[in-house]
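Can you build the whole structure from these sequences, using the hints too?
For the record, the sequence lines run as chains A and B. Residue 292 in the numbering used here sits at position 292 of the first sequence; the count goes up by one each step and never skips. Residue 351 in the numbering used here sits at position 351 of the second sequence; the count goes up by one each step and never skips.
The hints are simulated quantities; they were obtained by calculation from the structure and are not laboratory data. Be a bit skeptical, because a hint or two may be false.
[To be verified] Taking lysine-lysine and the DSSO-like style, the derived pairs with C-alpha atoms no more than 30 Å apart in a straight line are: (1) A/Lys-276 - A/Lys-173; (2) B/Lys-392 - A/Lys-377; (3) B/Lys-58 - A/Lys-23.
[Unchecked claim] Estimated spans, in silico, between C-beta atoms of each pair: (4) A/Arg-383 - B/Arg-75: 37 to 43 Å; (5) A/Arg-46 - B/Arg-75: 25 to 31 Å; (6) B/Arg-75 - A/Asn-71: 15 to 21 Å.
The structure presented is a predicted model; accordingly, all values stated were derived computationally and were not measured. A virtual CB, placed ideally from N, CA and C, is assigned to each residue, including glycine.
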Amino acid sequence: MTHPYTLVQSKKKNRYFVDQKTKKITVCHPLLYHFLELKKNRIDVREWISQLPPGGFEIPECGTFCSEEINYYYQKYLFLEQNGHFDSGEKEELSEVLLTADAVRYALANTNQVVFECTDRCGMKCKYCGYGEFYTDYDSRENKILDPETGKKILDFMTGLWNSPSYKSYQNKVFVSFYGGEPLLNFPFIKEIVTYSGNLPLVHNRIRFSMTTNAEFLDKYMDFLAEHDFNLLISLDGSEENNSYRVLQNGKPSFPKVLANVKLLQEKYPDYFKRKVNFNAVLHNKNSVSEIFHFFKTEFDKIPRIGALNTSGINPEHIETFKKTYVNVSESLYNSEDYSLIEKEMFIQLPNIQNISMFFNQCNSLHFNNYNHLLTKESNNLRFPTGTCIPFSQKIFITVNGKIMACERIGQHFGLGKIDENGITLDFDEIANRYNAWWAKLKKQCSACYNSEHCLQCIFYLDITGDNPVCNGFMTPEDHSKHIASYFNYLETKPGLYDEILRKVIIE
Amino acid sequence: MEKQYWLYVESYVYISIKKISALFYNSYSGKILEYLDSPEIVELAKKLNSTRNLRMIKVNQQVLNIPRIREFINRLRSDFMGDLLDCDYSEGKPVQFPPVGKIEKDVKYLKRDKDRSIGEDIMEYFSGLTVYLNNSCTNHCPFCSTAFKQFPCCTASPKQTELNLEQFESFLEPVETNRRIALTVAGGDIFAYSRFDALLKFLSRLSYSKTFLIHSLNAFKHLSELKMLSLPNAALDILITPVETETVESTLKQVVEKISAISIPARYSFIIHDESDFEKMETLASLLSIDDPAIHVFYNGTNRDFFEKYIFIDRETIEAEKPSLKDIYSRQVINSAFFGSLTIRETGQIYSNLNRRLHGNIRNESLYEVLVKELRNGQSWRHTRSKIKPCKDCLYESLCPPVTNYNYVLEQYNLCNMFP
Chain A
1 MTHPYTLVQS KKKNRYFVDQ KTKKITVCHP LLYHFLELKK NRIDVREWIS
51 QLPPGGFEIP ECGTFCSEEI NYYYQKYLFL EQNGHFDSGE KEELSEVLLT
101 ADAVRYALAN TNQVVFECTD RCGMKCKYCG YGEFYTDYDS RENKILDPET
151 GKKILDFMTG LWNSPSYKSY QNKVFVSFYG GEPLLNFPFI KEIVTYSGNL
201 PLVHNRIRFS MTTNAEFLDK YMDFLAEHDF NLLISLDGSE ENNSYRVLQN
251 GKPSFPKVLA NVKLLQEKYP DYFKRKVNFN AVLHNKNSVS EIFHFFKTEF
301 DKIPRIGALN TSGINPEHIE TFKKTYVNVS ESLYNSEDYS LIEKEMFIQL
351 PNIQNISMFF NQCNSLHFNN YNHLLTKESN NLRFPTGTCI PFSQKIFITV
401 NGKIMACERI GQHFGLGKID ENGITLDFDE IANRYNAWWA KLKKQCSACY
451 NSEHCLQCIF YLDITGDNPV CNGFMTPEDH SKHIASYFNY LETKPGLYDE
501 ILRKVIIE
Chain B
1 MEKQYWLYVE SYVYISIKKI SALFYNSYSG KILEYLDSPE IVELAKKLNS
51 TRNLRMIKVN QQVLNIPRIR EFINRLRSDF MGDLLDCDYS EGKPVQFPPV
101 GKIEKDVKYL KRDKDRSIGE DIMEYFSGLT VYLNNSCTNH CPFCSTAFKQ
151 FPCCTASPKQ TELNLEQFES FLEPVETNRR IALTVAGGDI FAYSRFDALL
201 KFLSRLSYSK TFLIHSLNAF KHLSELKMLS LPNAALDILI TPVETETVES
251 TLKQVVEKIS AISIPARYSF IIHDESDFEK METLASLLSI DDPAIHVFYN
301 GTNRDFFEKY IFIDRETIEA EKPSLKDIYS RQVINSAFFG SLTIRETGQI
351 YSNLNRRLHG NIRNESLYEV LVKELRNGQS WRHTRSKIKP CKDCLYESLC
401 PPVTNYNYVL EQYNLCNMFP
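Structure (structure tokens):
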């Protein structure tokens, strides 16, 4: 089997060899690096050495190397090669790994989150809303609410799976989550589901609750939320100016009402607020990472999550406005005057730290998910193509229209099943076949992509329903080398980061 | 200006430091560099091993002129364990990725996070089970009362007890029937188990691999019944004591022929305790055409010399074994010899290891509870040399194989010639 390796030269002109598949990374002496370049260009290194003039070999900016040095690094090159470092510069075809119905069922039985779209109603009309004018990939909003009986049927179904031998954990927490629209506009549903969840005959796990809310109606329901210890994620973009895209249905700013409600919650339930309340801010052209950070730090002593606008499913009619509104989180961070402070405080909440943390894990041959991986051979760790999650491995999402989906953050035309008066329809074989068919469309690109081993691209953010979807994350050898170099550049300027990430970042 | 260099150690090299001694192990070649009582080298090793330094430190000509350091660096370079890079080759410090082990679902992380549970993925860890059906047997083997604590072996006792089959079935209820669990069925004489037919019916529904552990004398006694063990994924492990070759030969011959005729995969395990046993075993295996016999060395309390000769490990053993970095890390966090396995005695008592504390009884403990208890307290699955003396003070702590039952039975952890 062959696999590609990447040669990287950092901004500081250090040289590295990286093979993400075998997780072998080596800092290279200039001579070793030169041999690897020769090998990549299909030049026989031994023959090349035999033809060198007696005066040695000069590498610009590094000097001239004598035959003794050349021979030493050739021996080292052979030693590393014998130990699987650089088998070939060729890219291999992606292994055929197919999703099975059993794998989908197992993922669902072990899912830790059930998310209900309680309603498609909302008291706000945010300019960039995922169900608003920028996007086309959602079911039409018709002021619907989810019926508690539907929620109960789903929970009964999940209880059966959670109590089955397919469930692999014990005393684990599973979340029942409420999403919208604005979920508090269907409070009867929430109340009934919370009560019902408390009486489920669960054997192996315990239920917790979570909710994403715009906080417009928080004053009415905060007692209930605090009493049931909800994990609360409040959507707020920063100060009044920062938050000006978040307006009420009548066009008036939502900020005064929301701020007052959140302050009331903090005052009335200080301990709950400290433990369970977090904020999610959307970055756009009316705020910045720095402004968002300082607002939440000052007002609530909280570190918010900051996300960029979703770039998939954009309505072509509004593409120009979207482009003006969109801001990249890393760019905004780097433009901050107090960039170092923000990075230190926000740390893993920032996408650049998340990315480098992911890279470290991918390159650390001793990084494992659980103990079992210590006992298996690396060759057994085949992965599914792209960075798409196995359906239901993270959560199950029920829309207000009864669609069953793998995630709330993807277009609603990707329903995998349904719940209606006839019960739950989930065909695991069909789901597996659909995923395999989608992956098959990308196989050629994935096989040629130099980042395929560590791809994070979710297929639902591509035009996967078309015949020839184009992957936004595709990398040529050159792209990949630049991509990897950016991590080395970062680490060379902040060498303490490796240690800090290893100590602080735990992936659930 | 004085010349400066980046000194680094390769990421495939394992560094062990204890007090004023250090060891560098090349996981590719198996080569070990050992520096005992070497404060200068230990100081360098500590700096190189620090994740904050990313295995890369700056040294100047003055440092390189110190003979011991010069010699150390030369050895590192000649074994391709590290190198010097002229600082002029680049405009700043290069980086290495030190091999730092991390398990996201490590018990230490799960314990400290209130929102998580030690039970995460717990059922995936359950991979092996030995069940004793009874303790009745008419043979009078000399090793009967002790060998089963050293290696897979039957055992009998005058106080007759049998496994409660319903409790056993109920204990395994949470396990998917299609899981790959290695089940070993032992006794006593398993054929004397009063519920044997019902047990086989139950086992036939499971896709576990099933190994029936049978003493050769019992196999001989039940020749005609061996066929009933032909379940899916079943195999036999026939235990043999090569006492007097002639007496064993005639009975064993018939056992081997019978097993061959009914086509059940079988392993023949010889229990030996000295060199003469070993010779008898070779003769017997050759006479009966037994390929690749398994050998269980039995410690009888008087054959320590035999153990020292054949079981003790030394530095050459490790260099020849060439443990990978993954093996080394695994030895730091789990005991791979025991991880995932449980034993149920005929009384229903549950152990993660028969030499360790009792976990409970299938009568009143669920499988989940037992698994969580074992993972939490780590008395067997996570019993590593880092937790025991003298191993935890030894440079070879993580290079040595995991703690075994021999360590428990001999009450000595350093069955080695490195930290005698």
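Each hint, compared with the structure:
{"no.": "1", "hint": "A/Lys-276 - A/Lys-173", "in the structure": "holds (15 Å)"}
{"no.": "2", "hint": "B/Lys-392 - A/Lys-377", "in the structure": "holds (27 Å)"}
{"no.": "3", "hint": "B/Lys-58 - A/Lys-23", "in the structure": "holds (26 Å)"}
{"no.": "4", "hint": "A/Arg-383 - B/Arg-75: 37 to 43 Å", "in the structure": "holds (40 Å)"}
{"no.": "5", "hint": "A/Arg-46 - B/Arg-75: 25 to 31 Å", "in the structure": "holds (26 Å)"}
{"no.": "6", "hint": "B/Arg-75 - A/Asn-71: 15 to 21 Å", "in the structure": "holds (18 Å)"}
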